[in-house]
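Novice: The primary structure of each chain is shown beneath.
There are 2 protein chains.
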Amino acid sequence: MSLQPTPALAQFVLQSLPEQMSEKLAHEAKRAILNWVGCAVGASQHATVQHAITALSPFFGQSQASVLGRRERPDILHAALLNGITSHTFDFDDTHLKTVIHPAGPVASALIALAEHHPISGREFLHAFALGVEVECRIGNAVYPSHYDVGWHITGTAGVFGAAAAAGKVLKLSQQQLVWALGIAATQACGLREMFGSMCKPLHPGLAAKNGLYAALLAQQDFTSSEQGIEGKRGFANVLASERDFGRITEGLGETWELLENTYKPFACGIVIHPVIDGCIQLRSEHALQAAEIVAIHLRVHPLVLELTGKTAPRVGLEGKFSVYHSAAAAIIDGAAGEAQYSDEKVMDPEWIALRNKVQAVADATLKEDAAHIAITCSDGKVLNKHIAHTIGSLARPMSDRDLEEKFSRLCAPHLPKERSDALISAIWALDSRGDAGQLAQMTVPDA
Amino acid sequence: MSLQPTPALAQFVLQSLPEQMSEKLAHEAKRAILNWVGCAVGASQHATVQHAITALSPFFGQSQASVLGRRERPDILHAALLNGITSHTFDFDDTHLKTVIHPAGPVASALIALAEHHPISGREFLHAFALGVEVECRIGNAVYPSHYDVGWHITGTAGVFGAAAAAGKVLKLSQQQLVWALGIAATQACGLREMFGSMCKPLHPGLAAKNGLYAALLAQQDFTSSEQGIEGKRGFANVLASERDFGRITEGLGETWELLENTYKPFACGIVIHPVIDGCIQLRSEHALQAAEIVAIHLRVHPLVLELTGKTAPRVGLEGKFSVYHSAAAAIIDGAAGEAQYSDEKVMDPEWIALRNKVQAVADATLKEDAAHIAITCSDGKVLNKHIAHTIGSLARPMSDRDLEEKFSRLCAPHLPKERSDALISAIWALDSRGDAGQLAQMTVPDA
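Read top to bottom, the protein sequences are chains A and B.
Numbering-wise (my numbering), the first sequence opens with residue 7 and increments by one.
Numbering-wise (my numbering), the second sequence opens with residue 7 and increments by one.
Honestly, I wouldn't trust all of these hints.
The list makes no distinction among identical chains, and a pair is therefore deemed to hold if it is satisfied within one copy or across any two copies.
As the list claims (entries may be wrong) - Straight-line alpha carbon distances no greater than 25 Å define the calculated SDA-like cross-link-like pairs of lysine to any residue that follow:
| no. | residue 1 | residue 2 |
| --- | --- | --- |
| 1 | K104 | L401 |
| 2 | K36 | E425 |
| 3 | K374 | Q26 |
| 4 | K30 | A371 |
| 5 | K36 | N391 |
| 6 | K239 | A369 |
| 7 | K239 | D155 |
No lab work stands behind these hints: they were computed from the structure.
Kindly produce the complete structure, drawing on both the sequences and the hints.
Specialist: Here it is, written out as structure tokens:
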């Protein structure tokens, strides 16, 4: 491949055809969309999006697109922003493990809003989605880990390229225009890890979706940018990362698909805590374990667990998602770590606080990210051990289609009647034979 | 000052009162606004903003605010974006020399849009403007030069804080809310120097204005962020700069004013080329110099001149603004470097190309940024020398109020009748006694 990364990605996106998409890739796209719609509908009434809508609705444009799970109908730019927010609010969305990008939020949020304004078939939708994920994850691969380590929320910074690429495909941009769109995306890349634990974390995929859509729309009207937004001397990769490997962008383009490395979370929190939760739930179940009999919980975990989820005293539910201590307590007390276990009430419950204070965690750099050791000391002196080699939800132990359907139904249950939720599941599995992809968004809107 | 930078800036902005603003500060705010309105009206019909409006007008919200010099009337977020674009399109706006921030664009573009929606007096407007400039320039001071050197367009990245602070002042946010607004601004900071010479450069202050306004509006509805968006471990200063000095943010807050160090450009291009243009115009005038008699032009310049404006073969007018070679040719041939000298036609004119090809420039790190040496060799063997110690438009040789009025009139002439342009000048000088600042924007709108 002799082209530089930016024109190479543009050429790849424009030359790829929906007819060429393999069944395997199309099916994984549907799994990602199912998971993403569930997360968005599930969080559709959360204070995070409620505050955003109160703030921004005075500036909404014409009614053009749905906010998943809600009855407001803003312009497509605001719809992209709001769907990006809701789909990441529970931190329950998909994960590209190599980069910790949550791929669906930025890409699908831009795409579904655009699909209501600029109709496309279900297959075109799935194909543009796969392309957007490919672009964002390859750019992520090129700059991970130095880009993430310094403090960038890579879902936001890489996501904006994915949204721009997917929207650019739908808008049938020229090669020149798509190069510009990727440049306009590059110069809007943003999102700091400092924001983790606040409403700004889910804002980031929302911004990526909105800003990526902006990029494609501007480029469509010949709004120019650098032609090397990714690889230029003062471009994205050189400015936002101390190390980079452009070969990760261009090698095997069109032959391998990053979407096939996507994973889905069984638990509503940072993915790095999943092995601990999995192990604690297994110990609870195997030994009918009660919180009252526990003296201490010793965890050995990958170093990122403490860096990302080391909050020992979370004060609100959102912070609980960044506390391995609270999460272990949830797994023991409730045998679960769904959205209900990350409420403000649970985080401040004295019984839960007592148990989380018994948790000690140490970093072990020899462990893989999907592994953990748990040792629980009981009041009778017994020590229960569990080694998780690969957590549920990892690439080695993925959630099944049925698991994803159950997760979807649980997320939608507070907001949509069961018939509607079931119909959505069917519609998503049948998406590649659907004439108008945008109708999917409208199916999530509750009746008046 | 014991507070950290983020809460310290929030407290400063909220405690400062319009009544306390000195006459000197108010007058400098008016000079900056006069210069900014002129630049925005002057570029109001440029292809850059035309393309942006064609792309985005299908998504405009309710008619809330003016686009300076145009008849469209979008929602305030789009108005902020578009005014930020037009005011920087000619690269003719103001400059805070210590940081090369163009301070007015991000702050005034957010503020004037908000003022049409949320009426404030002229004095409140000038005061909020001074506060916004203070916040953006102090943050710039803290991270310059490492932040700029790595490739960030500091007008975009620091500007978003200024827009958020000014809008937060007008919206009367609480201390907690303004801290959040600065955090939401931090996580949207963006803009790469890679884009210089393309339409994305003026996009950056537009994005800063729009995103800063977003930040204040979201925070007003208690949308949370980190409480240390600027100084946190993964916050703005640590992630976007390799060196930083937080004392530059907090020391002397409320006692010194960065706006008093603002400068205004006599020439429509990167400020680093100004000493060269000034010197060439002086030599032309002193020696009645003709292009035909010139054999060679030797320049000794500050190293940034070659780094920022080293384009030897610009192809379009926008690129000409980043070419010290084209600019020197303009100064010799036309005795001027206004917008007319940076047209696509002039950049491709064979006579101009022939002269710019005779220009050689070498970097001299002992020179100040506002200085240059020019040596012109003529066909008769004569060598004409000029040393510029401080260029016109520098802090040492500022443009007078009258100079600024003339610049304003020249910029407005193609778009507004002279009576209207004169009325705008009077209105801006009288801004502190005006009841409704937003009317100023409406005065720039051409009649149907």
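Novice: Between the shortest in-copy and the shortest cross-copy C-alpha distance, which are at most 25 Å for K239 and A369: within, between, both, or neither?
Specialist: Cα proximity of K239 and A369: across copies only (20 Å, versus 37 Å in one copy).
Novice: My question is about K30 and A371: at a cut-off of 25 Å on alpha-carbon distance, are they close within one copy, between copies, both, or neither?
Specialist: neither (34 Å within a copy, 60 Å between copies)
Novice: Reference check for the pair K36 and E425, CA-CA at most 25 Å: within, between, both, or neither?
Specialist: within (20 Å within a copy, 63 Å between copies)
Novice: Is it within, between, both, or neither for K104 and L401, if the alpha carbons may be no more than 25 Å apart?
Specialist: Close inside one copy (11 Å), not across copies (51 Å); limit 25 Å.
Novice: Within a copy, between copies, both or neither: where do K36 and N391 come within 25 Å Cα-Cα?
Specialist: neither (38 Å within a copy, 71 Å between copies)
Novice: Should K239 paired with D155 be assigned to within, between, both, or neither, using CA atoms and 25 Å as the limit?
Specialist: both (21 Å within a copy, 11 Å between copies)
Novice: If the cutoff is 25 Å on CA atoms, where do K374 and Q26 land: within, between, both or neither? Let me know, please.
Specialist: neither (35 Å within a copy, 60 Å between copies)
When the structure is compared with the earlier hints, violations turn up for hints 3, 4 and 5 and for no others.
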